[in-house]
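J.: Starting from the known structure of chain A, fit chain B onto it as the hints suggest.
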Amino acid sequence: MSNVTMKVNGKPVSGDVEGRTLLVDFLRGPLGLTGTHVGCDTSQCGACVVHVNGEAVKACAMFALEAEGAEVRTIEGMAEADGSLGTIQAAFQEHHGLQCGFCTPGMVMSAAALLKDNPKPSEAEIREYLEGNICRCTGYHNIVKAILAASGQDVPAIAAE
Amino acid sequence: MPKDHGIGASTKRREDVRFLTGKGRYTDDININGQAYAWFVRSDVAHGTLNGVDTADAAAMPGVLRIFTGADFEAVGGIPCGWQVTDRKGEVMLEPRHPVLAHGKVRHVGDPIAVVVAETLEQARDAAEAVVPDITELEPVLDMKAAVQGGPLVHDEIGSNLCYDWGFVEENKEAVDAAIKGAHHVTTLELVNNRLIANPMEPRVAVGDYAQHDDSSTLYTTSQNPHVIRLLMGAFVLGIPEHKLRVVAPDVGGGFGTKIFHYAEEAFVTFAAKELKRAVKWTATRSEAFISDAHGRDHVTKIELALDADGHFLALRTDTYANMGAYLSTFAPSVPTWLHGTLMAGNYKTPLIYVNVKAVFTNTVPVDAYRGAGRPEATFQLERVIDKAAREMGVDPIELRRKNFITEFPYATPVAVEYDTGDYHATMDKLLEIADVAGFDARLAKSKANGKLRGLGMNCYIEACGIAPSNLVGQLGARAGLYESATVRVNATGGLVVMTGSHSHGQGHETSFPQVIAEMIGIDENMVEIVHGDTANTPMGMGTYGSRSLAVGGSAMVRATEKIIAKAKKIAAHILEASDADIELKDGSFTVAGTDKSLAWGDVCLAAYVPHNYPLADLEPGLEETAFYDPANFTYPSGAYACEVEVDPETGKVTIERFAAADDFGNIVNPMIVDGQVHGGIAQGIGQALMEGASYDEAGQLVSGSYMDYTMPRADDLPFYTVDHSCQTPCTHNPLGVKGCGEAGAIGSPPSVVNAVVDALQRAGHTNVTHIDMPLSPARVWAAMQG
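Residue numbers (this note's numbering), protein chains in the order written: chain A, 1 to 161; chain B, 162 to 948.
Just chain B, with the same shape it has in the complex:
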């Protein structure tokens, strides 16, 4: 029987009730008395000299309070970057200034130039149309290879468009080159990891407020990590000490990475509210989101895999260009390097690996982490080149993978990480079962009879979640710690409030976190309330991204609860006149081992706050504890995915007929939520593989700038998925044995889709088709079939 409460139960989400009745409280639902409205004037050209901004007519329009331009922000800091990469020669990356509002130059379509603040939104929008930027257009640089071969400079002052040239592991380079040169077989593949736009359904919103009575600022924002925004904006941009700055991220309508970063609009509304002495609100339109939210992916890669005659992997070499866009977004430099190069071993025993990444500035929107961040790019290259190698060598792609699986753990890869646990044969076995691979031939025959091509694609993936430990990532260039925090406050009447630094924007923490704590104490889940998203009432935390919430934030919560239990046992021991060591806590009751003496959880909580019969000489009253948890290592979820497609030979249209995912996430707290995370990740991965692609024209205009042009999966583009997470090798270094599940679907699914389409075409006799770049639109697939 499945559990009906606690760890392992599919507890229904308590947050759903407010979301289903229209009572959610998202940032745009927040209105502050007397608030003014901001409307951004943005560059409509990709590259140009900004000679000036004529605001005179606009300033005279009704309701206009003030118009801000770049000159207003010269005295404050630029938008900071949170990660400094060191290149192959030991030099630090080029890090140009990222002004809050453009000054002197505009560098991408959407670059903010001026902001009108007015009494009403309509007045701000009307006046913005009368603001006239004086721009001398310059030739934009869009292609990454051209950008580093003498193209126009995005930032004149740094003298190059090459942000860094990173080699990893640099000491392996010669050995890798030699192994590839002497190998029995080398498979080479050039591919593009298409540029994506995260598109959480809630556009970004920022509301700045200023309190004159105590000179404090408050920012309400659509963020995945309010403390990070407080630190970056307060310390590096506006010079507001953290004790005078509160950042609140209430209900947030999806993030997928793009709400991690500190954005200019957040700094703007906070700054303007103080200047104007009234609240200032900005709500992005979707069109604005397309040209101001950080984009994702956008890698161009050549990968070479060397194999011996038996199919053992000998060496792997990759050469990648990674687009940074026009400015360095918060964690952009880390994505193609430490979140990508370290994953190139995948699930395999490849002894020698060398990864080269050139990060490049172009006149496009900044690029940063999007669901998976670096790991989907690594997985896609690896799992595509393995499939191609299998085809070239005439061996079964699954057997080739199995032959090279890592089977002994812990396993130190040649790319600096150590996998603690995993069982890749087990997830592959499970996949073959749930995907009904044995039934493929019958389905193939049926498709053929209907005039359709059919293909089966499979792949493995490994992911690294809960990036850590802080002292290591500091050496790698992170300008932040990567711990998580939790304060557990037990109230006198026995209920608990858990204040966590993790942030929930769809993950269901308000439900799953209490499952853990309630089980530890043996009380009802409804006695535990989760508080998150407000720097004023949660300890300094790093927020939610990288599938880290349960592995890192959950571990902090467990540690704090352990402290609570230890103290509660001392109180119970005093009251029960027993020794601490003899006290047991079970089902919400303290007992003295070997006796029938017991005390209820609530009685101990009350005693902590009404300490009449209490060991005051040895123990402080109260029952509240905080823990900061800094993990010893990443966690390493893994899995195997299978996709079956049909291809219409007349049109090239691909339909997903079946999709199966067998994941190993270690221990599971709420299987229903985990299933949902995987479903959503798969949909985004299928979106990347078949439909999504941010596209710029030659002038640097984003031509996929709305939902009319940027194709996201709709309900009728997708099937039901078969997901399974019964293969569980628990993480060895966190107290819950959990690994993280948020990004797996998006990491694991694109290669299986492309492998399936190539398989379908190969089976139909198009033997020259060994790769098609994503998105596999009907036009691209049709063209491939003609070639």
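Chain A with its partners taken away, still in its complex shape:
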């Protein structure tokens, strides 16, 4: 076992982990941050996407020890300071961009990473960026709409094209 220390959602945390412990298991287990989900074991589904030092990372594809000293942000850290939904979260609710909710944390974290790099993505850019996030419920229609809306674009006009 080795000790690992990092900042998660702004708070310093540390714990003892095995070398093989994945970041996602450290978040979900010792830290109790169960909003980050595990949907596969081949780094395909994206339910576990978090931000590590500002970059979107699949937390199942990184060891906890690799995040030593990192700033990690999870879905639990995405709401506004007063607890209300952030812009992307609110757009997902407004546009029914989630059903069972299981892929949702990863979708929101991926969407946030996309909009940071590309504040006004086209429909095609959104779809391409989400290639690493699988949703089985929504058929992606309302997820794409939600991200367009979160970026301040005219959703009905784009969806009608």
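It cannot be assumed that every hint is accurate.
Over the 10 Å line for every Cβ pair with chain B, so calculated as not near, a few chain A residues [unchecked claim]:
| id | residue |
| --- | --- |
| 1 | 5 |
| 2 | 10 |
| 3 | 12 |
| 4 | 16 |
| 5 | 55 |
| 6 | 61 |
| 7 | 65 |
| 8 | 82 |
| 9 | 115 |
| 10 | 117 |
| 11 | 119 |
Okay, derived cross-link-like pairs now, BS3-like style, lysine-lysine, Cα gap no bigger than 30 Å in a straight line [to be verified]:
| id | chain 1 | residue 1 | chain 2 | residue 2 |
| --- | --- | --- | --- | --- |
| 12 | A | 11 | B | 184 |
| 13 | B | 730 | B | 758 |
| 14 | A | 120 | B | 607 |
| 15 | B | 184 | A | 7 |
| 16 | B | 306 | B | 250 |
Hints were generated in silico from the structure; no laboratory data involved.
Quick reminder that beta carbons are idealized off the backbone N, C-alpha and C, glycines included.
T.: Leaving out everything else, chain B in the frame of chain A:
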């Protein structure tokens, strides 16, 4: 103006807030003090004699508490099957034992052999690698036709791989044969309905707990129907009475059918927790899900449609092999029979129909219901053969459909069901409008200019939801009732808690159910809370599948609320010193007709629990009512779908350019949620048509066993869809007039995709291409173009 609350409003989902902030509570999020971890050792061969399991080395490894094998489960029951089909000769299906852990034989890759329970997950996993099963490999049987023609036996003790040979309607067989023989035209099509894996994004999880102080067991599980699991596991497997067994299905991350069934892992953790006197947790890996979740579809069919010279359908005959896999999953026998044969009339007046289904055991994962369950298989065959017939007879495929539409309701089909309502011309008219079929030629020209082939495919569908009534399905072999329940508890301060037997795993019941109740009473939706998913605090219910929640569960809720209102009116009448019959409830206020006397909803609720001024001699205090609703019939949603594809002639790659769906779901409670259900269903149907396919190699290895190999649609594989549900013929036999919308998209979309690809190829001169089996991968489409 669209409504902003109540029935018909697109109320935003209240459950979203917890899901969007990481506060959902899924089964894997549940950890119990002192819990141990289970890791399953599974067969890596498809068929073999299990001579023994060497656990000695593993048992000595750090943290190992106990290793269980099949021998530990000899004294308990097998995993039960919930539906018994009777065959053509009046004999019941073959029903081999399905042990919790394999004993004597392994029958598919993934068949559980042993389970290591250890202090930590890592210790359990490490020790599992040291468990050595002694297996003598046997030749597997994988092909269904070979399986019934003398192939190796999956279950030696039953002497055959043929589970049943079902004929429907058997009395029609000779007349159907004669009509086909004498017909002007017969179109024949052989097709495969590809084997699918449901893949809800949340893998299955089961946590067993045992309380020594009262000898009770609790199972937390990823289930669509916790009461069904409690009954099946308690009564048939472990012998735990229902009053000592609680099953909780908290937030569940999608189901699509595969979380209906009772699985060995659920029985295992419940059993092991009692043995070890501590909680035991099992979480499937995705790889494990691929070889242990029940698969779906997997039919091989020959269909023949007989027509007269004018294109009227005369008779339909189908011959289907349906894969059951290695064991009978919970509702597997019902899927190719009563959920498939009864739908073969589709939207059409075909007077004579005969369906033959041979259900077959093979050395593969069990196959059971997946979104649509039997109805997509029926729709695909029918809508493909109609398209082929139109092409052969040189008539327009839409006109051929219209000519044969059922137009008068109620309509009794020759396959034992009676449609209550529908308007198939209306949904077809709506489809032509929203799909902009008139603009197709211009889009075709544009595709051609870009070097692409373009095709347009359309089809109709009918679905049967809310399977019922119980006394009928009992005659058909169901070993369960198919009602739904609701308890409505009004609190003293006027808020309501509705305890429903329905289960929400993405459908948004916590939002849509209150819309109904709030409208009935005339109060704010936020005064109504929905409780579901826990046998300890909900009445016996059958759960959610078959698009039944609103049609059956919602109806139970309405009935219970009607009882509440009736009692509340009596209380109001007493306080207002009026007769019961003169009391009206509107906008949350009780009034005496023709007067200005009124009483607020909250005042009556308070009076029910503080009964000072109350008719105690005639009426019990309190305001809580339960209803069980058993529908008189199925509901019959219907619709028409259109797909436009482009095909790359160089690679065979198909892209979905446009997709439109015109559905008739009867009345709609929350249009936003209904749209979302249709979107998701369409995506799964497109997935089946273009990408998805569970594939076994000759040794019985599942070669599509991960997301690297089993191709599910991603965001960039799909377009925006155009959906419409403005055509509404309300159901006549439930109080809400609703029909159900959960499966329609998955049922209605595959034929239109395949019809569109065939159309594209035909337009490009590949006139010999009349069918391509799903999934229409680039390789298959390219090969078809070379032929």
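J.: If a hint holds in the structure, say so; if it doesn't, say that too.
T.: These are the hints, each one checked on the structure:
no., hint, verdict
1, 5, "22 Å, holds"
2, 10, "15 Å, holds"
3, 12, "19 Å, holds"
4, 16, "13 Å, holds"
5, 55, "19 Å, holds"
6, 61, "13 Å, holds"
7, 65, "15 Å, holds"
8, 82, "13 Å, holds"
9, 115, "15 Å, holds"
10, 117, "17 Å, holds"
11, 119, "19 Å, holds"
12, 11/A <-> 184/B, "18 Å, holds"
13, 730/B <-> 758/B, "13 Å, holds"
14, 120/A <-> 607/B, "28 Å, holds"
15, 184/B <-> 7/A, "20 Å, holds"
16, 306/B <-> 250/B, "20 Å, holds"
The structure fails none of the hints (numbered hints given earlier).
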